[in-house]
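Residues per chain, in single letters:
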Amino acid sequence: MQDTPADVTAEGVGPTDELRQGLIEAFRAELGDQVVGSHVVPGDSLWVRVSPEAWREAGFIARDKLACGFFDFLSAIDWLPSPFGKSEDAPMGESLEPTGARGEIVTGYAGGESRFQMLARVQSLSRRYGILLKTDLSEDDLIVDSWLPVYAGANWHEREVHEMYGIGFRGHPNLIALYLPTGFEGHPLRKDFPLLARMVKPWPGIVDVEPMPDEADDGGSGESDGESDAASEEGSG
Amino acid sequence: MTAVTERQKLAYVNAQAADGRVNLEFETEEGMTLNMGPQHPATHGTLRIVAKLDGEQVIACEPIMGYMHRGYEKLTEVRTYPQVTTLVNRIDWLGSFANEVPFILAAEKLMGVEAPPRAQWIRTILFEMSRLANITLFLGDMALQLGALTPAFYAFRDREFLLNQIEAATGGRFHPNFDRIGGLKDDLPKGWIADTKVAMERIRSFCDLTDDLVTGNEIFQARTRGVGVIPADVAQSYGLSGANLRGSGVDWDLRRDQPVGLAWDNVAWKVWTHPDGDSFSRFWVRLQEVRESTKIVEQLCDGIPTGSIMAKVPRIIKVPEGEAWVATENPLGEMGYYVVSKGDLGPFRVKIRSASFNNISIVPWVTRGVYVPDVITILASLYFILGDIDR
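So the sequences go chain by chain: A and B.
Residue numbering for the first sequence follows my numbering, starting at 1 and increasing by one per position.
Residue numbering for the second sequence follows my numbering, starting at 1 and increasing by one per position.
Since the hints were made in silico from the structure, they are not lab data.
Errors might be hidden in some of the hints.
Which residues of chain B face chain A? A partial, calculated answer using Cβ under 8 Å [what the hints assert, rightly or not]:
#1 D54
#2 H69
#3 E77
#4 V78
#5 H175
#6 D195
#7 D233
#8 S237
#9 V250
#10 W252
#11 R256
#12 D257
#13 P259
#14 F357
#15 R368
#16 L386
Over 10 Å on every C-beta distance to chain A, these chain B residues come out as not near it, computed from the model [claimed, not checked]:
#17 L53
#18 G66
#19 W192
#20 I193
#21 L209
#22 K270
#23 G322
#24 A324
#25 A327
#26 G336
#27 K351
#28 Y371
Even for Gly, the Cβ is constructed at its ideal location relative to N, Cα and C.
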């Protein structure tokens, strides 16, 4: 249970692992030090992080050189720890000013330097692998090259990311709201955007997640750290 | 970030009560603008289509959605892992159980937990039954869109047998919420397998009926053959999946090509493709898919392993830090979840990749130059569920 997923799926090491290392090398051969990070879960997934300048180029390389003709999705991640916790115990009527101190940003696989990160996945149907591409975006200049010339399907995905995160796309001709009504203010999927529905009405589901008093007779092995983690969970909220 | 005042809160509540949405205006210099929806029968849901016409021909066509956007990606961030299945049930509401599976698999992948074989088999059976319940309705609905009423009634009649079986096993007809991290909520009830086999017979006879009534019908062929042709490379660049991709001749099925630990490898079945890429081929591929699916269910029912249906998981589920992507071949196409965990009770970020969103994003491309009635055919044959677009 303490193992990282990479260790759990390690039985797939071998040819598939080499396959994914080879893909990273292919990106490096084309982009040089624009490839700033990578992560491999052997036999399963590959993450490649490129610099924002190389974002579109990385898409072209995946499509043309690595046979990834299938566009899966494009999205973004806001790595800021939520200042509202999980909004479970926010009393009604209290100020919705973010309460928690702005916590440290810890990014995930393949690393990262900034709060916002682009995330896209492309897939090769003939060679049967997928590549997850990431790039960091500076918070002062939230703009990146559009993937429209690479994959036509990126159109709606970029519109969604634009309205949900406020990220701009250079070269996108029609960056209008996809889901949200015109005149909507804010970017809902950012972590500092409060989930108002949870603020005006208390969440009834909270009873389900209260820690059980009799953790000990659960019989589960290796779960003794449950309580201390639960405490830190409360602290972040 | 400024504090939210009482007034803003009130404004939010009011907006919830009566969504005063201002629609986007579609620019017109010349020609006519045809507005379909948001409540048009052909959109089965609240999808709005604005088409700019030159006579009977479509110059540009743009779907406008968001009338049912529920913000599931945001909501998952304030839920615990077991609570998320309730949410994702409502994405593709005709094949609900299939929505739960990839999310649970992603959580299991991060935790390093594997469900016991019996649970995997029953999951696969219910997964395929979701597919049957979903696509059966498509087969009837497609004909309905083109003006034939009867097949829709047959579809609703025979789907009932499937829903009864899903209800008998899970307790829910539409939203089972049955999948758990590490296994399933319950085992199958007594006599369920025999009843399921009867239902499979029933669905197969429905397929034959559809073949007689619809597939060979001259009007149906005239309305669908050569309409809305999508070449394979365009389909891929838009990320089309499921029968829409296979209808364009691409031999790709995640059940076979990207196994995620479910029981499909243990039975014999076939992936059907059609080279034409038109509306007819998409319909035809789905019809064959239903037949294959009934075979899968029958074979799986004969070989369910014995044993536990639940792996050993802690009572309070915490998912270790990490990121995981799991996608499965859902009734509508590829459905995947990108789950980012920070080691908490709930996910940090969930990206929901739903099939219909990508499938419908091709509409502006594929409807350019077609005639107005063909818009209906194309929309019906691409087959979307509103909840799967809007999430």
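Now for the hints, and whether the structure bears them out:
1. D54: At about 21 Å, which exceeds the 8 Å cut-off, the nearest Cβ of chain A leaves the hint on D54/B violated.
2. H69: holds, 4 Å
3. E77: Status holds, d = 7 Å.
4. V78: holds, 5 Å
5. H175: violated, 16 Å
6. D195: D195/B check fails; min Cβ-Cβ to chain A is 33 Å, beyond 8 Å.
7. D233: With a closest approach of 6 Å, the D233/B hint holds.
8. S237: holds, 5 Å
9. V250: Result: holds, 6 Å to nearest chain A Cβ.
10. W252: At about 5 Å, which falls below the 8 Å cut-off, the nearest Cβ of chain A leaves the hint on W252/B intact, so it holds.
11. R256: This hint is violated: R256/B lies away from chain A, its Cβ roughly 11 Å from the closest one there, beyond 8 Å.
12. D257: Check passed: Cβ of D257/B comes within 6 Å of chain A, closer than 8 Å.
13. P259: Violated, about 11 Å.
14. F357: It holds, given that the least Cβ distance between F357/B and chain A is near 7 Å, below 8 Å.
15. R368: violated, 13 Å
16. L386: It is violated, given that the least Cβ distance between L386/B and chain A is near 12 Å, above 8 Å.
17. L53: The assertion about L53/B holds, with a minimum of 20 Å to chain A.
18. G66: violated, 4 Å
19. W192: Non-interface label on W192/B holds, nearest chain A Cβ at 29 Å vs cutoff 10 Å.
20. I193: holds, 31 Å
21. L209: holds, 34 Å
22. K270: holds, 18 Å
23. G322: violated, 5 Å
24. A324: Check fails; 7 Å does not lie beyond 10 Å.
25. A327: Incorrect as stated: the minimum Cβ-Cβ distance to chain A is 8 Å, not above 10 Å.
26. G336: The claim breaks: G336/B does not keep its Cβ more than 10 Å from every Cβ of chain A (closest is about 7 Å).
27. K351: Answer for K351/B: violated, closest chain A Cβ roughly 5 Å.
28. Y371: Its Cβ never comes within 10 Å of chain A, the nearest being 23 Å, so this holds.
The structure fails hints 1, 5, 6, 11, 13, 15, 16, 18, 23, 24, 25, 26 and 27 (numbered hints given earlier, in ascending order).
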